[in-house]
Amino acid sequence: MSILIIGGGKMGFSHSALLSSYLGKEKIAICDNNLIVRIIYLFLGFRVFKSINDAFRILNKISGVVISTPTSSHYKLTKIVIQKKIPCFVEKPLTLDKSKSLELLKLSEEFNTYVQLGFVMRYVATFHNLKKIILSSKFGNIVSYKASMFGNVITRTPPADSWRGNFSKGGGCLNEYGPHLIDLILYLFGNVNHIHSCSYDKIFCDKADDSCKFELEHHNNVIGLVNLNWADTKQRKSVIKLEVNFEKLSLYVDNSTIDIIDSCHLSNINTVDLSIFKSLPFNVKFYLRGEEFSREIEDFLEKCFDQKFSQDNFNKSMIPTIRDGCNVDELISIISKKLSIN
Amino acid sequence: MFDKAIFGDNQFLGVNHASQAKALKLYSKFEDTDSIISLLGAAYDSGVRDFMFTTHQRYDLVFREIISSNLFPEMSFSPCVPYAHKYWNILSEHGFYGLIKSTFHSSNKICLLSSLTRLLYGNIDGLIKMLLDLETLACKGLKIKGVFIQNLAFDLIIALELFSLIEKFHNVVDSKFNAIPGYITMNHINAVDALCSKIGFNKPWICANYNIAGFRMNPSKNLCEKSFRSGKSYNIAMSVLASGSSGPEEALNYVINGLHSGHVHSILFGSSNPVNISSNIQKIKFNI
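From first to last, the protein sequence lines are chains A and B.
In this text, residue positions in the first sequence follow our numbering: the first is 1, and each later residue adds one.
In this text, residue positions in the second sequence follow our numbering: the first is 1001, and each later residue adds one.
Keep in mind that the hints were calculated from the coordinates and are not lab data.
Treat the hints with caution; some may be incorrect.
The calculated EDC-like cross-link candidates involving lysine to aspartate or glutamate, where the alpha carbons are at most 20 Å apart (straight line), are [to be verified]: (1) K25(A) to E1161(B); (2) K1221(B) to D312(A); (3) K1198(B) to D312(A); (4) K278(A) to E1250(B).
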């Protein structure tokens, strides 16, 4: 029984190590059309294949497939795997083309194939905790929020042929950071009804957005201001920050902490059990890069092998599905049309 | 052996697991050489004699000053290699080929050729020595006590079951650097299994999370404690203050108990406050 990883780049490499720690290297196979990449993985002791067809022909039983190729190939590869009825983990975003994503959703329902998306932020303890706070309605309804994701992915003008610097090839801040933050927003605050305003800026890239802002109105009248910037050289690493205004309280939440920023509408702050704001990271069987990366893989492996891998009993409804992938692609599509990035 | 108290460098590199805002402030606060040297001086005056640090370029000028001015004569230095963020970012931007090209572009080409030739015959010692030399270039002239592999690299290596790499690293650090090889990990149980059972080291030095809250003690606090108590490794406890998830005094007492019980051999801690550094040293080293 094997897990096939298609795409041996940065994310594929990360998955190969993590999956090896859970299953053993002999149960992992890599598929990449680049010869140098295949040689490197051979040197590391993995089985390698040039194409997905070769892998399916030769491997005895594939229990799951991880797709970590550039976004442009997600549609074709995911379609093949869905039709083979093999559980599939697709790195974000799904396809960035809402009609193709919708097609994959319908196909996965028709073939009853499990597809999980790599929206890893849901597994960060503080955001998971925030979801629990929201569901508890302890502090009333949400009125509004601000959400931002800043990082230093781009710190100088990328090469002319680089896909990262080209919006139409899947590059740009909205395509790269957008899926993470937008999925988190939809997961926490619900579906979006309107996009009120949006704008973008070019800092280093000629053909892509380096930063963008937009205002969202959700179905429950919640208003959100969203700010993305992947060219912020002051940042050491990418960080998501949220300021959430409930009826009775305002919270600041990022990847590490939940803090009260305003409690003036709360009748008595002393009645609040402050321990609900403490977010210890989840325990995982093997930690590499962050608990969230291990935790999402544990959920995927549980579907592949029908056995428990995680150390906890979280609600499975938090797992990002192909439908979530579609929702994100649809919203990004609407925003990018309004922005007219070229 | 390492000192009971080892001073770490999270504050210098803007690492704070409890607060991104504090992390950014620290990163800015210690941007200049003098501020780092000043805090190291305060730590030295408090009794710190072991400093463990990531091989970040921020220290290039710091170490140059320490060496040229003969500062902190009794301090031992233990570099932790590699600075993973740098390589991860290169891998993201330029792929594997770009990573290899970037890593070796400043190395001696004859040495590189010799190392690569030996690599073809399965001998990776030369390459490992070269990589370690590159990573610890700024440390030349310092009194090196240990050389550690950072957790991202070490945990990646054991996940990929590349145990011969660890063996070679151990040998190179021991024989060529005359230093103690050490392993930083977020997975103490897996580390002990790899180092002791798979490779066969006798009581290697392992640096791993050990704190009252169980913060990042995977897969569970109980199993990690058991692994610490197994006696198979020398243990350096890190993240001892559990990133603020419990009171500092309570947290430190918990780890100091481990020191007294003999399953924790050193405590790694960081701080940007000289008063806290002094207080921690008094408690750890002098039981005050």
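Verification of the supplied hints:
no. : hint                : in the structure
1   : K25(A) to E1161(B)  : holds, 7 Å
2   : K1221(B) to D312(A) : holds, 14 Å
3   : K1198(B) to D312(A) : violated, 29 Å
4   : K278(A) to E1250(B) : holds, 17 Å
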